[in-house]
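*Asks:* The residues making up each chain are set out below.
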Amino acid sequence: MRILIVEDDLEAAEVMDRGLTEAGHECVRAPDGEDGLAASRAGEYDVMIVDRMMPRMDGVTMIQTIRREGDQTPVLFLSALGEINDRVEGLKAGGDDYLVKPYAFAELIARVEALSRRRETGSVQTMLRVGELEMDLIGRAVHRQGKEIDLQPREFQLLEFMMRHAGQSVTRTMLLEKVWEYHFDPQTNVIDVHISRLRSKIDKGFDKPMLQTVRGAGYRLDP
Amino acid sequence: MRLPRLFRTTPFRLTLLFLALFAAAASAFLAYIYLATAGEATRRTDQNITREMRSLVAAYDRAGVDAVNQSLIERAASERPFLYLLMKPDGTRISGSIAESPLEDVRGAPSRASFSVTDYDAQGRLVKHPARGFQERLSGGEILFVGADVSEDQAYVVKIVRALWGAGALVIVLGLAGGLLVSRNVSRSMGALNDVVAAVRNGEFGARATVRGTRDEFDELSEGVNEMLDRLERSMAGHRHAGDAIAHDLRSPLTRLRARLETAYLDVEAGKGNAEEALGQALDDTDGVLKTFGAVLSIARLQAAGQAPDQVLFDPADLAADLAELYEPTCEDKGLEFDAELTRDLQVRGNREFLAQALANLLDNAVKYTPAGGAIMLRVRRRSSGEVEYSITDTGPGVPDEDRARVVERFVRLENSRSEPGSGLGLSLVAAVAEAHGGRLELSEGPGKVGEMGPGLRVALILPRPA
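Chains as they are written, first to last, in the working numbering: chain A, 7 to 229; chain B, 534 to 1000.
FYI, nobody ran anything at the bench for these hints, they're computed from the structure.
Please note: incorrect hints may appear among the correct ones.
[To be verified] Listed next, the in silico DSS-like pairs over lysine-lysine satisfying Cα-Cα at most 25 angstroms (straight line):
| # | chain 1 | residue 1 | chain 2 | residue 2 |
| --- | --- | --- | --- | --- |
| 1 | A | K207 | B | K867 |
| 2 | A | K210 | B | K867 |
| 3 | A | K107 | B | K824 |
Go ahead and model the full structure; you've got the sequences and the hints to work with.
*Replies:* Here it is as structure tokens:
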């Protein structure tokens, strides 16, 4: 995956670059919005990671500009702020996701990879398939090895999200944001409990567990 | 050169400006009075001289030079205020009350002029009197001069001029004094305000302007400044308190973090292998520290904003149902009975995100402190006052009466809860959210003691009836 990192904190950009490169991605760095704009016009990227506050041209302006020019590359905004308004403003400007600094690196990678997947699902899907697992989005039914699995509505949404991001790590925060649409951090392990309930439904009685816990990151649904 | 303070004040400068304008107007007025009075006196004198001249000329035309001569002698002896001189055509004196014509061109005719005549006063001193006179050549060639002593008129005019100067001086002195008085008052008020500003600038945040109770604009300004300083001070106290509290609360995790990193470093150096675990724990500690920062920041922003942003009208039961769904499995996992009692079709105005976080914090606390076998109840109801109340009741150990006010404060954690994870900011954030919605937080005893359980805690987040 080709990733454009637009970040004025060069050390942070360096760390990001290293981590993403180790995870198998190719990174290009730009130190501010203007350079970022030039880089985004010059090349094709799968995801852009853009800091909101930068000298010369801030991230919001840069993304508004490329969106006007028709560039639909998924954008992850980074910000040291983190109030609800900042996030809403960032998403309005054309960002696809928003991450507050400082963040866990696992969170960054999970979100970047989730964003890259978003583009591939162009047509409206009615059926999701991951390994033995089948999800009928219209009939709201889930089968594994042809056996129907009975899910609560929220469990269905949770599994749908995991299936759409199969093979990728998703963090607890991402699940809370994307499935429950809350943007805070519960002190207790509420998400883990929901996952373990889901796991008991889709993995219990089958020889191969699909829903994996990724240490230090979150969860992953493997085929 | 540096002017004394008073002379640099705005009111004083304004006073000077008005004084200058007023003085100019007064000067014009006084000049007019002077011209009117002095001019009038001269005109009257000239009229009298002309009349006298006419009667003498008439006498001459009727009876010749001797009659005039005779008449002059008579008149000079009388108490008339005129000066006479009859001269031959070559200018030599025939008769009159003065020796020679004060007019230079004796042959010129007719002419008039101002001049002075010398006389002796009662004490025999030589004095000069201002006078005016005309001179005409009579039809027989003789020259007749008639003049008048105008010293009395002149003295009158001089008196007027003096009075005018006096009046002018009075105007300036009074204006200046008034201006100084006004400026002193104004600059005293301004000075008091300036002193307050200077004191605050120097770090004395307790300084306040005096409100004199006159209800004028200075009082208004003083009140405004005081109010601003009050808010500033409260906000600064909040920040300072938060700063102290953060320092206090972050010290132990940071100390622990440092120790772990150091141990890991020494272990790696010595070739021992549990650095990975130490680093993992160090990361966890760091996350804890960051969470605390995040909570402090949220509280500070809410308190600074005064009002939660992006408020919308919604059914409070929906939000409660969402959270119940989120927390129910956790309760079950921990062996807690969870119940939700939600009154439908109510309305509240608020920021869903902040309220959700507040309720989540309360549920987190309830789950954390209620031992297995206990129960948690989430309830939404309308109070008789029309307010909407979210309440969470647990059967945990509760909070003693005397500590209830305190636990809402930042970073306050009761002794028996120190072992639990958490920043000590949960309830403070809930209180801040309640305040940012014009609502409040109420803590009371739960259902009471039942065997080992209880007495429990009931926390109510009360929101105002939407307008």
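*Asks:* All hints are to be evaluated individually against the structure, with a verdict given for each.
*Replies:* Outcome of the hint check:
1. A:K207 to B:K867: It holds: about 19 angstroms lies between the C-alpha atoms, which stays within 25 angstroms.
2. A:K210 to B:K867: Status holds; Cα separation ~21 angstroms.
3. A:K107 to B:K824: Roughly 12 angstroms between the alpha carbons, so the hint for A:K107 and B:K824 holds.
Checked against the numbered hints given earlier, this structure breaks none of them.
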